[in-house]
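Visitor: Heads up: the sequence lines are chains A and B, in that order. The first sequence runs 1 to 199 under this note's numbering. The second sequence runs 1 to 185 under this note's numbering.
Bear in mind the hints are in silico, worked out from the structure with no lab data behind them. Each hint should be verified, as a subset may be incorrect.
[To be verified] The list that follows gives simulated cross-link-like pairs (lysine to aspartate or glutamate, EDC-like), each with its CA atoms no further than 16 angstroms apart: (1) A/Lys88 with B/Asp6; (2) A/Lys5 with B/Glu15; (3) B/Lys145 with A/Glu17; (4) B/Lys145 with B/Asp6; (5) A/Lys11 with B/Glu54; (6) A/Lys61 with B/Glu54; (7) A/Lys18 with B/Glu146.
The structure presented is a predicted model; accordingly, all values stated were derived computationally and were not measured.
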Amino acid sequence: MYGRKACQLVKELATGEKEQLTPFNSDQLDQVIAECSQHYSELQALIRNMQEKGLDVQTTKNEDHFGALVHHLSLVRNKRCLMSYLYKRAEILRNLIWKVGTMLPQEIQEKLSHFEEEYFKKHSASLKSYMSRIDLDLAVDMVPPKDPYIQVRVLDDIGEGIVLSDDKTANFTCHSMHFLKRTDAEQFISRGLMEELTG
Amino acid sequence: MANYYDIDDILAEEELVSVVFQKAVNGVGIDPSSETDSVEPGSKVELPFWLAHELHLRQIATMKLPPCFNQKTRLELGADAACVDLRSRCPYFYEFGCKIAPLVGDRDMGSFLLSAFKNRYQEVLAKAHTAAFAAASKSLTVLTKEETNLYEAAQSSMAAFKKWRIGGPRFQKAAVLGRKRKPTE
Chain A
1 MYGRKACQLV
11 KELATGEKEQ
21 LTPFNSDQLD
31 QVIAECSQHY
41 SELQALIRNM
51 QEKGLDVQTT
61 KNEDHFGALV
71 HHLSLVRNKR
81 CLMSYLYKRA
91 EILRNLIWKV
101 GTMLPQEIQE
111 KLSHFEEEYF
121 KKHSASLKSY
131 MSRIDLDLAV
141 DMVPPKDPYI
151 QVRVLDDIGE
161 GIVLSDDKTA
171 NFTCHSMHFL
181 KRTDAEQFIS
191 RGLMEELTG
Chain B
1 MANYYDIDDI
11 LAEEELVSVV
21 FQKAVNGVGI
31 DPSSETDSVE
41 PGSKVELPFW
51 LAHELHLRQI
61 ATMKLPPCFN
71 QKTRLELGAD
81 AACVDLRSRC
91 PYFYEFGCKI
101 APLVGDRDMG
111 SFLLSAFKNR
121 YQEVLAKAHT
131 AAFAAASKSL
141 TVLTKEETNL
151 YEAAQSSMAA
161 FKKWRIGGPR
171 FQKAAVLGRK
181 RKPTE
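All chains, please: the whole structure from these sequences, using the hints.
Guide: Structure below.
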């Protein structure tokens, strides 16, 4: 009661590593919402009490009024904690698109709630339509490279027949080395499926 | 309202403060020592700051200075600020102090917080720029949340600088993916 459970939700976000998502804690969320309904019903009971005694609800400041105030403040506090929890997770998701691309790896996907997945899909779709309208791929590296091609080694089995941007198909088996265009290799490297070979 | 969504602000307001109730309050179970659902005037209760703040403003309760800002801590910080374990006293020492100062009527809280921060910041900055990972972990346990953020920012910028000097691979696996687990077949 009184904002403690909601604070635990916020603590979850604070104690985790930066930019790492924990599995969506829908149980705790439901508990906080149940607490809110409890606060609300107690608030209504206190207001009714005051009305029965014939006091003016707006101006009298008696014990019931103060009790109603405490419940109201707890409701506002719970709301703030819940909003912050959802907002921070949405922020992390938005940043993910720039780091990992529009396809989420499985280990992140299982930590999201249903609504967060919808949010991610819609956000990446609107980003894609924006990028196609201005005809510019914003997700590539900001620094212009010295060499448009880089050498990469494949770390994980990606599969065969991946179509690259210059319409050639490549066969990415584990531990094979390739000489690819930088923009193609970027998305695989950021997902950890390839590594760049220097020197 | 830039602080509304800020997690550190929310957690700083959750710190407990001891209040003395001036008026009776009905219908709330926050006082663990009373048998009924009400609070008598004159009873002392420990409340989180967000609640104590509002009650103080409406003069339903009066706030007392929390123990982490008492004379003992001030003397310790005056003697050697860098060694004082602020995290165990209050992990949000500075933010909490700034919020409490106008309410408790403590006029030299501001200058006291500033001097403590200045002294500790010297240590934090020096350690962040020079120490390797293992050596500094002992001193990190005494830092508040704000100081830890500064320390980590300095460390990451040092690491980025070293990487730039050596000229490592530009692309790396996104930090968010963490440790990869081999999928069980």
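Visitor: Run every hint past the structure and note whether it holds.
Guide: Hint by hint, here is what the structure shows:
1. Only pairs whose Cα atoms come within 16 angstroms are accepted, and A/Lys88 paired with B/Asp6 is accepted, the gap being roughly 9 angstroms.
2. Straight-line distance between C-alpha atoms of A/Lys5 and B/Glu15 comes to about 14 angstroms, which keeps the hinted pair within the 16 angstroms bound.
3. Our distance criterion of 16 angstroms between C-alpha atoms is met by B/Lys145 and A/Glu17, whose separation comes to about 14 angstroms.
4. With a CA separation close to 13 angstroms, the supplied pair B/Lys145 and B/Asp6 stays within the 16 angstroms bound.
5. Among the hinted pairs, A/Lys11 with B/Glu54 is inconsistent with the structure: their alpha-carbon atoms are about 23 angstroms apart, more than 16 angstroms.
6. A C-alpha spacing of about 15 angstroms is found between A/Lys61 and B/Glu54, which places the hinted pair at or below 16 angstroms, so the restraint holds.
7. In summary, the hint linking A/Lys18 to B/Glu146 is supported, as the alpha carbons are separated by about 15 angstroms, within the 16 angstroms threshold.
The structure is inconsistent with hint 5 alone, although it conforms to all the rest.
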